[in-house]
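Trainee: Below, each chain spelled out in residue letters.
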Amino acid sequence: MIRTLKNPIPLALIAILLLVVVASTFSIVPETKQAVIVRFGEPQRILNRYRPGGGFGPGGAGIAARIPFLEQIVWIDKRIQSIAMENQQVLSTDQYRLEVDAFARYRITNPLQMYLSARTEENVGNQLKPILASALRNELGRRPFAALLSPERGQMMDNIQTALDRVARQYGAEIVDVRIKHADLPTGTPLEAAFERMRTAREQEARSIEAQGYKQAQIIRAEADAEATATYARAFNQDPQFYDFYRAMQSYRTSFIADTPTGEQPRGRSSIILSPNNDYLRQFRGSGR
Amino acid sequence: MIRILGRGARDGASLSDNRGGPWGPGGDDDDGAGDGPRNPWGQKRRKPARTGGGEPGPLDEFLRRSRERFGSGLPRDGRPYWLYGLIAFLVLWILFTSVWRIGPQERGVVTTVGYYSRTMAPGIGFSWPWPIGNVRTLNVEEIRPLQIPGSGENLILTGDQNVIDLAYTVRWNVKNPELFLFQMVEPEVTIREVAESAMRAVVARVSLDDAIGAGRADVEQRVQQSMQQVLDDYGSGVQIQGVSINQSTPPQSVNEAFLAVSAAQQRAQSAMNQARAYALQKTAAAQGAAAEFEKILAEYRAAPEVTRRRMYYETMEQILQHVDTTIVEAPGVTPYLPLPEMPRRAVPATPPQGAPAR
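As you go down the protein sequences, you meet chains A and B in turn.
Under the working numbering, think of the first position of the first sequence as 1, with each following residue one higher.
Under the working numbering, think of the first position of the second sequence as 1, with each following residue one higher.
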């Protein structure tokens, strides 16, 4: 040991060599990855394979040993991954054109199968993407537009998931779920038409609210008039003859006296020609008849 | 790598045993001065003799020279500096990569050679030094807001096939740090996508009026539940603390029509208000007139004839005060006066004197 210490260069060389061997023999498998050990392209064993409901800890992830230079490690993600489908045009049975964004989440549960059928993770995603699109189109194309906006949507998503899962299994993956992110009317004419419909619906609502308001107002007035009439009738009916007289007096007063501002000498506007026989002039003539 | 580290540590230990601490013999102090036999240079000098006295090779020569060049700086007892440097480095390395301070809001997820071993609670925690052990700290208390959409309009179809513009905030925190780290490829993107999907699914089941008005709290509640369920299904370790709708309006281009509706509501309301005012006035007036009549009627009944005459005269009096009066004596005789002229000519004199005019 003393000898090696006094001569550091060979020590460093040995250390580097050892490091290379150790590094190509041992690897750390993290919790987030699964590893397939491959010897000359032939898969040998799988480390840290996903177990449904399995937790984390020693046993899965940890140190992996392999024969240096003969065996390679293929890393495969253990986590849930996603593929997205953007702006897919879908035609519903009632000829509504829809623009749909969807995503599917999947996990590679069978790394060996995945390695054999797709080799790399990107391939899995690339293979699943068009299938997601076509499954979605098929499923939505079989239904009316309104179904997309109804509780039926859950069933629809389940169907898409089942269809996609069947394919995904061939790549050693499992679909966790499929969800629609956006389902919109495409911009342009369809969206404008929808806006137009909303606008006219609102106009209709506005008019009907206004009409209802006026109707209510009229009813309120009519009821008030009726009530007033009833009140008058109840009072005046107690003595119709006196009412006739009383009201006539009031009426004369309002008819013949022109309204003038107070304080100003009222000027006659009307002329009355009285016959001496008028009842008013009875005493004027000096006779009591 | 592990072995190398282990050996280094062992070497360090044995050296410090010899010298009473790694830092002890660092300088050119005199404690090594008398160690003649243990001086490696002495050994070195013996080496050619022991190995057979051959000519030193070019590499040996180079090494020897370079050693001589640095020789003056070396301690007399011969431990080279790089070794002490290495030891110091290792000690610092271990110190910095195995002692962890976890803040009160944080948890530390400890992995040992890749596998998850435990989660550190707040305080000081220890782990194996890197790269054997590794700790990732996560803030689990912090409520993180997620704004959707980032900007612009976010048009969503409602159950009655209308379109609304919706902006909302999802507040979430990390419930389970190890799940959060190990389960999802992109947890934050996932939360966003799940939020959008859940919001659309819920809004697709309510009407436009509910989404804009009264049903908002219900929508928020349902989105939160739905998101939590989906994220739990993923095993994402995320807790949704709340969903709040910040803005829920009709799209810009139809907003005018919606404003027209509220204007119509205002107009309808004001028409009804006016009608009510009229009604109050009308009924009050009727009641007043009726009451007046009833009072007078009561008095009239007490003395009908007199009251009647009195009222008649009073009324006539008032009228004739204000009216030009002409009294025509004989029936059938038309007064040849231009009647419209009359008032102007003789206003004050007419009533009394006009009477006997003919």
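Hints were generated in silico from the structure; no laboratory data involved.
Hints are not guaranteed to be accurate.
[As the list claims (entries may be wrong)] Below are the DSS-like pairs computed for lysine-lysine, each with C-alpha atoms no more than 27 Å apart in a straight line: (1) Lys-33(A) x Lys-175(B); (2) Lys-282(B) x Lys-181(A); (3) Lys-175(B) x Lys-215(A); (4) Lys-181(A) x Lys-215(A); (5) Lys-295(B) x Lys-282(B); (6) Lys-129(A) x Lys-215(A).
[As the list claims (entries may be wrong)] Far from chain A, some chain B residues (derived; all Cβ distances over 10 Å): (7) Ser-117; (8) Ile-124; (9) Pro-129; (10) Ser-151; (11) Arg-171; (12) Glu-186; (13) Ala-204; (14) Gln-225; (15) Ala-263; (16) Glu-294; (17) Tyr-312.
Glycine is no exception: its CB is placed at the ideal position from the N, C-alpha and C atoms.
Trainee: Examine each Cβ of chain A, and state whether all of them lie more than 10 Å from the Cβ of Tyr-312(B).
Mentor: Label violated. Min Cβ-Cβ 7 Å, cutoff 10 Å.
Trainee: So is Ala-263(B) really clear of chain A, every C-beta pair being over 10 Å apart?
Mentor: Non-interface label fails for Ala-263(B): nearest chain A Cβ at 7 Å, not farther than 10 Å.
Trainee: Starting from Lys-33(A), check that the Cα of Lys-175(B) is at most 27 Å away, please.
Mentor: Holds - the C-alpha atoms of Lys-175(B) and Lys-33(A) are around 22 Å apart, at most 27 Å.
Trainee: Checking a non-interface call: every C-beta of chain A should be farther than 10 Å from the C-beta of Ile-124(B). Is that right?
Mentor: Per Cβ check, Ile-124(B) is outside 10 Å of chain A; nearest 23 Å; holds.
Trainee: Was Gln-225(B) rightly flagged as not at the interface, with every chain A Cβ beyond 10 Å?
Mentor: holds (14 Å)
Trainee: A cut-off of 10 Å on Cβ-Cβ distance, and Glu-294(B) was said to be off the interface with chain A. Does that hold?
Mentor: violated (5 Å)
Trainee: Mind checking the alpha carbons of Lys-181(A) and Lys-215(A) for me, to see if they're no more than 27 Å apart?
Mentor: violated (46 Å)
Trainee: Does the claim that Pro-129(B) lies off the interface hold, with its Cβ farther than 10 Å from every Cβ of chain A?
Mentor: holds (14 Å)
Trainee: May I ask you to check that Ala-204(B) keeps its beta-carbon over 10 Å from the closest beta-carbon of chain A?
Mentor: violated (4 Å)
Trainee: Between Lys-295(B) and Lys-282(B), does the CA-CA distance stay at or below 27 Å?
Mentor: Satisfied, since the Cα-Cα distance of roughly 20 Å is no more than 27 Å.
Trainee: Taking 27 Å as the top limit, are the C-alpha atoms of Lys-129(A) and Lys-215(A) close enough?
Mentor: violated (59 Å)
Trainee: At 10 Å, judged by beta carbons, does Glu-186(B) keep clear of chain A as stated?
Mentor: violated (7 Å)
Hint compliance for this structure: hints 2, 3, 4, 6, 7, 12, 13, 15, 16 and 17 are broken, all remaining hints hold.
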